[in-house]
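Engineer: Each chain, written out:
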Amino acid sequence: MKDFGYTIIKQRTIDYDQFDGRLLNEILEMEPSFKTCLSCGGCTATCSAADLVSFNVRRMNLLLRRGETIELESEIKKCMLCGKCQLVCPRGINLRNVIMLIKKSILKYKPVNS
Amino acid sequence: MELYEELSTDIRFIEGLNSCMNCGICTAICPAAEFYDYDPRLIATIVHSKDEKRIEELLKSDVIWYCGECMSCKTRCPRGNTVGLIIMALRSLSQELGYFTESEKGRQQLAIKRVIGENIVYKGYCVLPENLVPEMHPEQGPVGEWIFQNKKEVYKRVGANYNGDGTGALRKIPQESLDEIYRIFEITGGFDRLDKIEHFSKIKAESMGFTEGRDDYSDYISHIFTTNNGKHNRQ
Amino acid sequence: MKQEGKIKVWQDYQKEIADDHYFYVRSCIRQNFFPGSEQTFLKILRSELHKDIYENPHHTSCSGIGYHSDIVPFGTIQTIVARQFALMTEAGYQNIAVSCITSFGIYNEIIETWKEFPAELDKTREYLKRSTGRTFEIPQNVAHASDIVYKFRQQIAELGHNRLINHKTGKPLKIVEHIGCHYSKMFPSKGIGGAEFPHVLAGMIEAWGGEVIDYPERRHCCGFGFRQYLIMSNRGYSISNSRKKFESMEPYQPDAIVSNCPGCPMFLDRWQYVIEEMEGKTYGQNGQGIPVMTYEEMAGLVLGYDPWDMGMQMHQTNVEPLLDKMGIQYNPDLKYAGKDGKTIGSPVMVGCGG
Amino acid sequence: MSASIRVIRYNPCNQEKKKMKHIVIIGGGIAGMETASALTDAGHWVTVIEKEAQIGGKLNQWSYLFPDFMPADQIKSALQEKYHERDFSILHQSEVRSLHRHNGQFNIETSDEQQLKADAIVVATGYELFDARRKEEYGYKIYDHVITSADLEQLLLPDGDLTVAAGKEPKRIAFVHCVGSRDEKSGNHYCSKVCCITGVKQAIELKKRLPEAEIYCFYMDLRMYGKHFEELYREAQEKYDIQFIRGRLSEASEKIDKSLLIKAEDTLSGRPLKMNVDLLVLLIGMEAGKGTSAAAATCGIGCEESGFLKTADAFLKSNFSQQEGIFLAGSCTAPMSINDTILHARSAAMEVDHWLKSRCDNEKM
Chain P
1 MKDFGYTIIK
11 QRTIDYDQFD
21 GRLLNEILEM
31 EPSFKTCLSC
41 GGCTATCSAA
51 DLVSFNVRRM
61 NLLLRRGETI
71 ELESEIKKCM
81 LCGKCQLVCP
91 RGINLRNVIM
101 LIKKSILKYK
111 PVNS
Chain B
1001 MELYEELSTD
1011 IRFIEGLNSC
1021 MNCGICTAIC
1031 PAAEFYDYDP
1041 RLIATIVHSK
1051 DEKRIEELLK
1061 SDVIWYCGEC
1071 MSCKTRCPRG
1081 NTVGLIIMAL
1091 RSLSQELGYF
1101 TESEKGRQQL
1111 AIKRVIGENI
1121 VYKGYCVLPE
1131 NLVPEMHPEQ
1141 GPVGEWIFQN
1151 KKEVYKRVGA
1161 NYNGDGTGAL
1171 RKIPQESLDE
1181 IYRIFEITGG
1191 FDRLDKIEHF
1201 SKIKAESMGF
1211 TEGRDDYSDY
1221 ISHIFTTNNG
1231 KHNRQ
Chain U
2001 MKQEGKIKVW
2011 QDYQKEIADD
2021 HYFYVRSCIR
2031 QNFFPGSEQT
2041 FLKILRSELH
2051 KDIYENPHHT
2061 SCSGIGYHSD
2071 IVPFGTIQTI
2081 VARQFALMTE
2091 AGYQNIAVSC
2101 ITSFGIYNEI
2111 IETWKEFPAE
2121 LDKTREYLKR
2131 STGRTFEIPQ
2141 NVAHASDIVY
2151 KFRQQIAELG
2161 HNRLINHKTG
2171 KPLKIVEHIG
2181 CHYSKMFPSK
2191 GIGGAEFPHV
2201 LAGMIEAWGG
2211 EVIDYPERRH
2221 CCGFGFRQYL
2231 IMSNRGYSIS
2241 NSRKKFESME
2251 PYQPDAIVSN
2261 CPGCPMFLDR
2271 WQYVIEEMEG
2281 KTYGQNGQGI
2291 PVMTYEEMAG
2301 LVLGYDPWDM
2311 GMQMHQTNVE
2321 PLLDKMGIQY
2331 NPDLKYAGKD
2341 GKTIGSPVMV
2351 GCGG
Chain D
3001 MSASIRVIRY
3011 NPCNQEKKKM
3021 KHIVIIGGGI
3031 AGMETASALT
3041 DAGHWVTVIE
3051 KEAQIGGKLN
3061 QWSYLFPDFM
3071 PADQIKSALQ
3081 EKYHERDFSI
3091 LHQSEVRSLH
3101 RHNGQFNIET
3111 SDEQQLKADA
3121 IVVATGYELF
3131 DARRKEEYGY
3141 KIYDHVITSA
3151 DLEQLLLPDG
3161 DLTVAAGKEP
3171 KRIAFVHCVG
3181 SRDEKSGNHY
3191 CSKVCCITGV
3201 KQAIELKKRL
3211 PEAEIYCFYM
3221 DLRMYGKHFE
3231 ELYREAQEKY
3241 DIQFIRGRLS
3251 EASEKIDKSL
3261 LIKAEDTLSG
3271 RPLKMNVDLL
3281 VLLIGMEAGK
3291 GTSAAAATCG
3301 IGCEESGFLK
3311 TADAFLKSNF
3321 SQQEGIFLAG
3331 SCTAPMSIND
3341 TILHARSAAM
3351 EVDHWLKSRC
3361 DNEKM
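Heads up: the protein sequence lines correspond to chains P, B, U and D, in order.
If you read the first sequence in this note's numbering, its first letter stands for residue 1, the second for the next number, and so on.
If you read the second sequence in this note's numbering, its first letter stands for residue 1001, the second for the next number, and so on.
If you read the third sequence in this note's numbering, its first letter stands for residue 2001, the second for the next number, and so on.
If you read the fourth sequence in this note's numbering, its first letter stands for residue 3001, the second for the next number, and so on.
Bound-form chain P, shown alone (with noise of 0.2 Å):
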């Protein structure tokens, strides 16, 4: 092929239909609590790790739902499991929890050529 001297750019878009849902509805089915997320930052106001490394608690939920998994794995590698989300979350959520059943279940879902 002709060298054009640039390409094709990959679009950054969240395409909703390409959504591989398998994960996440494990996840809610294991721990329904997780389903009521606000996304009030609450939980990554408080967290232990993200004083020390970049790490957000509350994009877990998005990534998720938008079935990004191979940033959802870097991402919860970052969790000490201290328990202090679970403690300010105003719907009470069991994030601890659901950290713990990402882990246990990502490796099922990750895409293969990753």
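Note that these hints are calculated values from the structure, not bench results.
Predicted model, so just to flag it, every value in this text is computed and none were measured.
Mixed in with the good hints there might be a few duds.
Said to hold, decoys possible - Label pairs and their computed distance ranges (CB to CB): (1) D/C3360 - P/G92: 55 to 65 Å; (2) B/N1018 - D/D3221: 15 to 25 Å; (3) U/D2020 - B/R1234: 31 to 41 Å; (4) D/D3361 - U/S2189: 25 to 35 Å; (5) P/L81 - B/K1202: 53 to 63 Å; (6) U/E2004 - B/E1005: 50 to 60 Å; (7) P/P111 - D/D3257: 24 to 34 Å.
For glycine and all other residues, C-beta sits at the position ideal for the given N, C-alpha and C.
Starting from the known structure of chain P, fit chains B, U and D onto it as the hints suggest.
Structural biologist: Below, chains B, U and D alone, put in the same frame as chain P:
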């Protein structure tokens, strides 16, 4: 003057920024947000915060150079903001202060100045057939190459007045008109802008080691014209 | 899709377009890529519609590409635009007919700025006086050249020899319209039909027998983005945006794309060739590209003008599939000929799927 | 005029009523009807002028009410029952043409050329729904499967047909919040208050009808201000799997199969998001509308920038216009839910009664 204050003297900024409720309608429709790591909503939020440090970071970043100025954001914003206009004010200030040379995309301004800027002042047009050199414009394809190589004949065939006197497409702009454009650039600060782009680019070219060909910095220009560090988008 | 809904929108956005006596300003980009289109426009106005349209050799670029790639300050472009207005005023005209969409957007932006910030107008008057000694009046009517063709679309249909109809099947040709972003996205009321459902090209297509294809990304930018095309390493932005449009229009199997912008028809034309080179993908029928045309070329075809006289050989994507469907006679041997049939060689490889 | 509608004509010769204070209420919606009942109970003579053939105003457009899914008919029957039990008059299909103050009384002429005298006026002209066609980018009345919350309300009735293209049930449905509210482009800067909860209510109802469907709400802020609203929102998430995406919809476009491509920014992720949906519901806001602006003009009372009627103050005089003797009730003053409208109407009745009595006392003195 503080950066925010400086921005506030720009009519485009006054027009472009009212208040933002972070609804994301601009990002949703923005062609740049789709292909670059670019979120126009955040531009509005950052400048609105009046956080000098963050504004300075913006002025020195690639981010302000991603917008294509299509102004789709203007049609949709429920608060009547236009991020595209805010971007124009940011780009002007970035060039004013020399911050544009701090980013890969910002540095490209020199190449634009050299082609478009000098065409406007000295030829009276933004773009000319001579600029469409096939090596620089491979997408113009075989037909583009054929046109380039047979400029005079092709333009004559389709009724253009290429480099001719009088009216018509691609006619030569009379010297007295070019003189007027020149004076307009002198009086309105047009040359100040072009000179600043040259000035700060030279400093940057030197610091990046492009010391060959100091008279026109052609190596630097070819570098900025073709370089892409691949970090502008999610690949 | 319900046509009545669109008609309602079109009725809400009607603008005044002067009937005659225009001061014509050319487009930098168009005269490079579509000089024949500007010529065709003048021919239609003068010879077919018998209108007075005046071109002054002293007008220049509006410097809009420089302004939108941010090397030309606002004060400078205001004064350059004021100079065009001065030439118009001096020639005794009040209606400006603008070939370029970028210029059209800028004229509107500047006139609106002057309304809202009268100090800018005063400053511009002073700048212009000091630099050129000229004074000016603001045009009473600012029309894009496509507005004018739109206004006279029925007359053109009556004068025309051809229709946008497949002469073999008798079915209307499916045509995608692409409106330049700065036509109405900044000021919806300045465009016929507004920003969301512009009618300027749709109206022509309908009047000349074609069927307008409304596809999901019809409002999306072609991806020119000024600096995003001007610099080679940024062009991934340009092509990716056009590609997004092609992907979106493909299921409708359009027979042609028409545009009223200077750059868009060139990009929509050339990027089809590059995508074929890069990905081996074509979007037209039978492995061909989708022919792209300017609205003047479309009007010219309707009026029976020779496609090569109008410069349609300057397109990279072959236009012949469209000409054949319309039943237009053309001489393939003269496609790449110079004036009066002079042989000047032809492109090494032609076109998308050519 | 339909024969089934009971019409009581204004009769100035009625001796008994001559002794009473006469109050004319403009608008026979919830606010007007409730004010009328309360004022009648307080011993006044009341005439309601209603432009439609039936009472209830916008209540007639809703099927079930938030937050407890009570059928709207129940409220309407209650209003009607109150009317049947009381002796006040309704002039149907009639509008106020002019209103003049004369000797401490109001002279009113109606569009059907009746002359009325009133001691006090209550404006209860309500609101109008935002015309979603004005948000052209959402394609209402252009795309086949874009509907408004008002349209959906009719479809939610037991016999409502929810199928989309080719008779299929929609698999994915999206709600757009703030259509015609909080939007300079629509000319409405204010929040319409009730659309958020309406969206949640309708999303739940849809999910009940179409358990297989995925339902999304695109919102900027969820303003669950009322009693049980927040709880219903939580229930929508927890029990009905309704998903909430924070981002305002930029545009919708119709695809070749009549499904809709919608675009928003997922603002919490900071990335653009697109999705295909089979049905798009626009949660349309409230506007003061023609009736209210006409009432403002004929009564000579002021409007806010929003078009809603100006109240004398926001706290203690929310039922007072700037003109003495002209009172305001319900959603002609601001977007308001049905329960708030009922309360506002009752307080209007109390204020009118109080004002009339104090004026009587003054006259006696």
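Engineer: Next step is simple, just say for each hint if it's right about the structure.
Structural biologist: Tested hints:
no. : hint                          : in the structure
1   : D/C3360 - P/G92: 55 to 65 Å   : holds, 58 Å
2   : B/N1018 - D/D3221: 15 to 25 Å : holds, 18 Å
3   : U/D2020 - B/R1234: 31 to 41 Å : violated, 53 Å
4   : D/D3361 - U/S2189: 25 to 35 Å : violated, 57 Å
5   : P/L81 - B/K1202: 53 to 63 Å   : holds, 55 Å
6   : U/E2004 - B/E1005: 50 to 60 Å : holds, 52 Å
7   : P/P111 - D/D3257: 24 to 34 Å  : holds, 28 Å
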